[in-house]
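**Student:** Chains as they are written, first to last, in our numbering: chain C, 1 to 272; chain P, 1 to 281.
Each hint should be verified, as a subset may be incorrect.
Unchecked claim - Short derived list, chain C residues pointing at chain P, Cβ under 7 Å: (1) Arg6; (2) Tyr9; (3) Pro12; (4) Pro24; (5) Asn102; (6) Gly112; (7) Leu113; (8) Leu215.
As the list claims (entries may be wrong) - Ranges of calculated distance between the beta carbons of each label pair, as one might list FRET restraints: (9) P/Gln255 with C/Ile8: 46 to 56 Å; (10) C/Lys131 with P/Ile18: 19 to 29 Å; (11) P/Phe65 with C/Met255: 33 to 43 Å; (12) C/Ala46 with P/Phe28: 46 to 56 Å; (13) C/Val234 with P/Lys127: 12 to 22 Å; (14) C/Ile8 with P/Phe131: 21 to 31 Å; (15) P/Ala163 with C/Leu15: 25 to 35 Å; (16) C/Trp62 with P/Val253: 17 to 27 Å; (17) P/Phe182 with C/Leu15: 33 to 43 Å; (18) P/Ile18 with C/Leu233: 52 to 62 Å; (19) C/Val18 with P/Leu69: 51 to 61 Å; (20) C/Leu233 with P/Val66: 18 to 28 Å; (21) P/Phe182 with C/Lys88: 26 to 36 Å.
Rather than coming from a laboratory, the hints here were simulated on the basis of the structure. It should be emphasised that the depicted structure is a prediction, and the values quoted were computed from it without experimental measurement. Each residue gets a CB set at the ideal place from its N, CA and C atoms; glycine is no exception.
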Amino acid sequence: MTNKARSIYLVPYLLWIVLFVVAPILLIVYYSLFDVEGNLTLSNYAKFFTPVYLRMTVSSFWYAFLITAISLLVAYPTAYLLTRTKHKQLWLLLVILPSWINLLLKAYAFIGLFGTYGLANAVLELLGIGKQQILFTDFSFIFVSVYIFIPFMVLPIFNALEEMNPSLVYAARDLGASAWTTFRRVIFPLTISGVKSGCMAVFIPALSLFMITRLIAGNRVITLGTAIEQHFLVTQDWGMGATIAVFLIIAMGLMMLLTGNRKRGLTDAQKK
Amino acid sequence: MHRKNKWSNLYLIAVFAILYAPIFYLMFYSFNSGGAMRNFESFTLDYYKEVFEDTRLLIIVLNTFVIALLSSAISTILGVMGAIAIHLVRTNRPKQTLLTLNNVLIVSPDVIIGASFLILFTLIGIKLGFFSVLLSHIAFSVPIVVIMVLPKLGEMSSTLLDAARDLGASSWQVLTRVVLPFIKPGIFAGFFMALTYSLDDFAVTFFVTGNGYSTLSVEIYSRARQGVSLSINALSTLIFLFTILLVIGYYFVNQRNMKPSSKRTNVQDASQINSLEEGTK
């Protein structure tokens with residue numbers, strides 16, 4: 001096709017990129033330089049480094065880390081066992097299906113499940129433990145988040161396991177490796193790419209969740225996402241909200257760079 | 001070995017039970033005449049009646065569908081153009097740059113997309129409401145369509161285009177008679193994905209919707225914040241059934257177009273994007 005034809009396709013698309021990809025990021029950075037009164041300052045950045053915001057950032061990262069780690073711990077065995085089942089594509093589809101259901105509805109269901117008279121408390125009472133406050137605790141926040149992210153962790157790990165050559169496992173076993181050694185030295189290293197993309201798919205969203213903290217954690221947990229929402233829609237301090245968003249973008253970029261680079265390092269090592 | 005199998009089956013059953021428990025819990029209590037998500041009293045369809053009598057809610061449902069259909073149609077057109085444009089860029093560096101920029105909106109969290117669009121719309125002077133929601137849904141659906149269409153364009157052999165042009169086809173004819181029919185499965189998949197994303201979106205809409213205009217997710221959020229009301233349960237049951245229908249429809253559209261050689265199903269590809277995007281919420 002000629003250059004002219006190419007530009008006909010390119011122009012609307014570039015327009016979209018400029019308007020909705022480049023401009024928003026620049027605007028976020030631009031707004032982070034203004035305080036509530038509209039003065040050009042760096043005070044938002046100074047405020048970000050005060051203990052209040054730093055503590056929030058650290059706890060947000062800590063929660064995201066916990067959510068990612070627990071999702072991985074639950075999802076890896078699930079993915080592994082799924083590859084062993086007879087109709088694995090069907091089972092996989094069933095794992096994925098809940099992820100297509102509106103997130104809010106799932107969160108709403110947990111309000112009922114974890115409520116004072118909900119199923120969870122009924123089971124606890126049956127076990128003789130008695131009623132507990134489950135809703136509006138750290139536990140419920142982490143549980144619901146893990147619940148929501150599990151399909152996104154299972155899928156990439158499942159794909160990585162499927163791509164692995166099974167004869168490698170047989171070879172390891174033939175050479176006398178125990179089941180645990182085989183897993184640690186053969187299976188896990190070979191599926192690390194799936195684990196990484198799973199963690200990527202969970203960690204960043206976990207940093208920025210906000211409706212779950214509102215609905216399930218009853219504002220007890222403040223993540224970066226909650227803080228951004230709070231500043232933009234409640235206190236109307238767009239400058240501070242934009243500043244937090246800038247740090248979230250930086251965190252995201254670092255995460256992507258980190259996982260990308262390490263991957264390259266791995267292939268280099270393999271080449272050698 | 002037998003014992004081991006038993007444990008692994010138990011584990012899988014437990015995972016599936018947890019995955020589906022909330023959904024069925026929600027559906028089960030939508031039939032409870034007791035008025036709360038506890039103590040099932042007797043079977044009733046009152047809450048379904050309530051949903052269908054709530055005109056405000058029905059208008060919101062209509063809004064949601066109008067936004068979803070319009071935004072996915074427009075973003076499909078834009079996305080196909082974008083995919084063709086990226087495909088036509090031959091040099092490696094600009095191509096990579098375009099692809100990276102394309103993926104920015106897929107990987108960035110919804111809060112950031114929502115907040116930055118809110119700034120953008122206020123700055124340009126677009127009134128928050130139908131139009132701002134539509135624009136942002138188009139914006140975040142475009143990259144998804146591009147991702148779904150691009151591999152199909154890659155599969156297309158360039159000899160096909162040369163042959164068409166040798167036989168005297170104009171660029172327009174090449175596009176409509178050769179290229180578009182070839183990438184049709186990708187276009188359909190992209191359209192479906194855009195549709196589900198638009199229907200599913202909460203966070204972005206929440207930021208850019210002003211007073212007075214609402215989509216279903218935003219409405220559910222504000223109702224859920226006020227506590228349990230079984231009409232939400234009834235509504236979610238209906239949405240759940242609809243989602244399943246949509247997934248089945250999507251699955252069959254892809255099944256029909258799937259090549260026997262490709263190992264990964266399109267549903268998997270779709271979910272891969274889903275997983276990139278998720279969080280998002």
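**Student:** All hints are to be evaluated individually against the structure, with a verdict given for each.
**Tutor:** Status of the hints after comparison with the structure:
no., hint, in the structure
1, Arg6, "5 Å, holds"
2, Tyr9, "4 Å, holds"
3, Pro12, "6 Å, holds"
4, Pro24, "3 Å, holds"
5, Asn102, "6 Å, holds"
6, Gly112, "3 Å, holds"
7, Leu113, "6 Å, holds"
8, Leu215, "6 Å, holds"
9, P/Gln255 with C/Ile8: 46 to 56 Å, "34 Å, violated"
10, C/Lys131 with P/Ile18: 19 to 29 Å, "21 Å, holds"
11, P/Phe65 with C/Met255: 33 to 43 Å, "36 Å, holds"
12, C/Ala46 with P/Phe28: 46 to 56 Å, "53 Å, holds"
13, C/Val234 with P/Lys127: 12 to 22 Å, "21 Å, holds"
14, C/Ile8 with P/Phe131: 21 to 31 Å, "26 Å, holds"
15, P/Ala163 with C/Leu15: 25 to 35 Å, "33 Å, holds"
16, C/Trp62 with P/Val253: 17 to 27 Å, "43 Å, violated"
17, P/Phe182 with C/Leu15: 33 to 43 Å, "26 Å, violated"
18, P/Ile18 with C/Leu233: 52 to 62 Å, "32 Å, violated"
19, C/Val18 with P/Leu69: 51 to 61 Å, "26 Å, violated"
20, C/Leu233 with P/Val66: 18 to 28 Å, "24 Å, holds"
21, P/Phe182 with C/Lys88: 26 to 36 Å, "31 Å, holds"
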